[in-house]
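**Student:** Here are the chains, one letter per residue:
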Amino acid sequence: MTELPNKFAELSVWGAWCLATETERNACRVASSFEDISAFAQALEPHIEAICAHIDAAQAEGDLDQPTLNLFHMLMSLAEVAPAIESYDPEVEVVHGYDSKLFVADERHPLRPAL
Amino acid sequence: MTDTARLHDRYPDLGTGTLPVGPYIDPDYWEAEKKHLFKKTWLHVGRVQELPKKGSYMVRDIAALDASIVIARDRSGEINAFHNVCSHRLNKIAYQPYGTARKFACRFHGWAYELDGSLSGVPDEKSFMEGFDKACLGLSKVSCDIWQGFIFINMEPQPAQTLAEFMEPMYGGLEGYPFEKFTACYGWSTVVDANWKFALDAFQETYHVAYLHGRSIADSLEKNEEGMLHPIDGLCGDVHRRLSIAGNPNTVYGNPQAATSGLTQSSVSGSADIGKRIAAKALAAGAGGTKMDLSKVVLPEALNWTKHPHWAFDINVVFPDFYLSCRPNYFQAYNFRPISHDKTLFEARVYYPEMKTAGGRFYQEYMKVTLRDVLLEDLATLEMTQEAANTGAKTEMVINDFELMVRHQAVVVDRIVEAGLAADAAAQAAE
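Chains as they are written, first to last, in this note's numbering: chain B, 1 to 115; chain E, 1 to 431.
Bound conformation, chain B alone (with noise of 0.2 Å):
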């Protein structure tokens, strides 16, 4: 199981969105069910300011630990899946969208932040 800092050990069982790009984001997002991203953005939500405020904390201590990597990667997962529970219910993908796997993002580009 993907490793969270201590104090979010109980949202380990959402370790699989601990993805470090946005193509392997968005790739969770639409193989999974609406009810899979609805219940993995119930169970994130109340905590976005509490990972927030951890991430800065390490980062301020230039401590950005493995732990603490993963619970970035899996905020950046719940920003991924939020336009579906906004706009698309009860559809992951966008509703008569182009596929967004030909829709290629430029992981490689020079001026892409690194986090």
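Simulated from the structure, these hints should not be mistaken for laboratory data. Every value quoted in this text rests on a predicted model; they were computed, and no experiment measured them. Do not take every clue at face value.
[Unchecked claim] Covered stretches of chain B, as calculated for chain E (at least 3 residues, CB under 8 Å): (1) 34 to 46; (2) 65 to 79; (3) 87 to 96; (4) 105 to 112.
Each residue gets a CB set at the ideal place from its N, CA and C atoms; glycine is no exception.
Dock chain E against chain B, hints included.
**Tutor:** Okay, now just chain E, sitting in the frame of chain B:
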């Protein structure tokens, strides 16, 4: 129909009739566009920050130019462009889309070129013929210039207009927009089976927003008293065009101050709807998250040229195929790069300010993913439009007043193509 002044009234030369479909489906028309338009104008290829140091280079394979172009920063810091073609027995000198090099070398026989394109190394040089002169055998130069940090190239060795002259009439007033402050770039690309003009048209009117984006961002644009999403204003130049758009500040996506000011509340916070709660939290978490303080940035007056209180962004189409949409807190730069009469490479990039906080990144990721999904809605229309055009069932398209930019594009392209074809015919007659 209304009695109010129409955008079209300002531009009587553009006409008011239907638009012919032929230019969107005809392979011969595309060949004429290539010859008389794309190979004779300035084309945007990227930002200077993509070439951060001496030896940084990028390669752009551009079908509309029948060319592969290397753009590189040389030892003096200058940016040059040249054809990716070795002077000896051809082959290439750069093989990756991006890279850093001390020199460029052809993999075939090892000819080596300096970062400015000059030839510096020829293995077994004395075996070449008498009069062999390295100084005359550099890479073929391509005209290259920079506007506000955007790199442009032009296939004409002596362009009819400098880049500054090309941009000034419509975009001189945008100079000073903080392009250089938005250095967190996300991009996507795809090849769509659609004519480049169809592709661009889907992004230069707001008429489609209420319907096509009805589920997603339609609410983030401002509606008029009749509930219609009309642009604030539009400007048509000799070749360029601009649209000004009003946003709904009560939405996250339509809020131009997000993350750049201390503003943290929106009317969607506290909602029982989980989707709206995430959006509200993204906005709140993003507040003050930028690395640089952008609150004191003064935007150029030409940006929101009508000074509309709810102005959200401008759509600027830099002729022919560069879409540049500027907001107070980020900008989008799209290229609609034609490959053939019915294929277009769509390269979308969005440039945000760099974030220092996790909340800032969460807000940015939310905005970026929302934008990507909206683009997926737009892209879905293109191939069907092309397929429908190809059937020949309709030979004309009907245009409303606020689709003026669709008309402007068609009329300007046709003016240039017709002038080119007429010049060709005259030259042929003279022979």
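**Student:** So, for every hint listed, does it hold in this structure?
**Tutor:** Results of checking the hints against the structure:
For a cut-off of 8 Å, the count of residues in the stretch 34 to 46 of chain B with a CB near a CB of chain E stands at 4, and the three-residue condition holds. Beta-carbon proximity to chain E at under 8 Å applies to 5 residues in the stretch 65 to 79 of chain B; the threshold of 3 is reached and the given coverage holds. Coverage of a stretch by a chain is defined here by at least three residues with a beta carbon nearer than 8 Å to that chain's beta carbons; for the stretch 87 to 96 of chain B and chain E the count is 6, and the condition holds. Using a Cβ-Cβ cut-off of 8 Å, 7 residues of the stretch 105 to 112 of chain B lie near chain E, which meets the minimum of three, so the contact claim holds.
Every hint from the earlier list agrees with this structure, and none is contradicted.
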